[in-house]
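Chains A and B are the protein sequences, given in the same order. Quick note on numbering: my numbering labels position 60 of the first sequence as 163, and the sequence is numbered without any gaps. Quick note on numbering: my numbering labels position 106 of the second sequence as 209, and the sequence is numbered without any gaps.
Quick caveat, the hints were computed from the structure, so don't treat them as lab data. Just so you know, nobody snuck in bad clues.
If chains are identical, the list can't say which one is meant, so a pair holds when it fits in one copy or spans any two.
Mimicking DSSO-like on lysine-lysine, the simulated pairs with C-alpha atoms at most 30 Å apart in a straight line are:
| hint | residue 1 | residue 2 |
| --- | --- | --- |
| 1 | K237 | K222 |
| 2 | K179 | K189 |
| 3 | K206 | K173 |
| 4 | K209 | K219 |
| 5 | K206 | K172 |
Protein chains: 2
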Amino acid sequence: MKPVISRSDCPVSYSLDIFGDKWTLLILRDMMLDEKTSYSEFMTSQEKIASNILINRLNTLHSQGFVTKKASPLNKSKFLYTLTEKAIDLVPVIVDLIEWGEKYNKKGQPKSVLDKVLKNKPKAVKEIQDGLRKKRDQSELLA
Amino acid sequence: MKPVISRSDCPVSYSLDIFGDKWTLLILRDMMLDEKTSYSEFMTSQEKIASNILINRLNTLHSQGFVTKKASPLNKSKFLYTLTEKAIDLVPVIVDLIEWGEKYNKKGQPKSVLDKVLKNKPKAVKEIQDGLRKKRDQSELLA
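Isolated chain A, as found in the complex (with noise of 0.2 Å):
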């Protein structure tokens, strides 16, 4: 794993290290909530991310760990990305993100997994990790 550089021993420090841009947990949003596991699939996000970026962020999101990568089976040339463990642990990240985004963006649309979270977050982080966990699982075994 390629080292992070650290720039003090705190844990939000550290996190920010890692994922404190614009883009990276875009894409773990879409590999939580929209099911995206391919480049092409990134692609598509509405935000348009530039391919060079994307490429930089899925290769270190593979090296630190966060996702497991491998050729599709009727593509030999086509990735496939799974969300590891240390992804999955992000998921309550990503819904505290949704719920302010909702709340301090009046423009925003609602997103069908809002509904869920506003009426029982941890209820809905679970839901989200569990599905997250058995798609893992699945991928594991194909392997």
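Since chain A is already given, all that's left is putting chain B on it; use the hints.
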């Protein structure tokens, strides 16, 4: 308020449009957990933020309504910053990052707040937020 360039209507993207970088959440951390209120105090943090970045991020936090800013009663050339409700609502994100960062950075030093978080996260979030709201209300009384 200065408009933010919005990449999409997604609440996660909206959040990162404002504070998706390596520094903004560290300034909020300093205000939330270490009771820092001024430029000179932020400059002493162990991550050694550059003064131009700090000024830029404080301006953004102010123009986006995350902090109020007023001259110190003791020194009119010194500004004191106080968190607004918009920022206090980000305490859950900071607490989640502490929890995640502690789990995955084994070199990290334990923070006093961590024990509380691991014991009862919703209670820890509420205690931090209540303390910050009290400080905000006191600051408004002095205005």
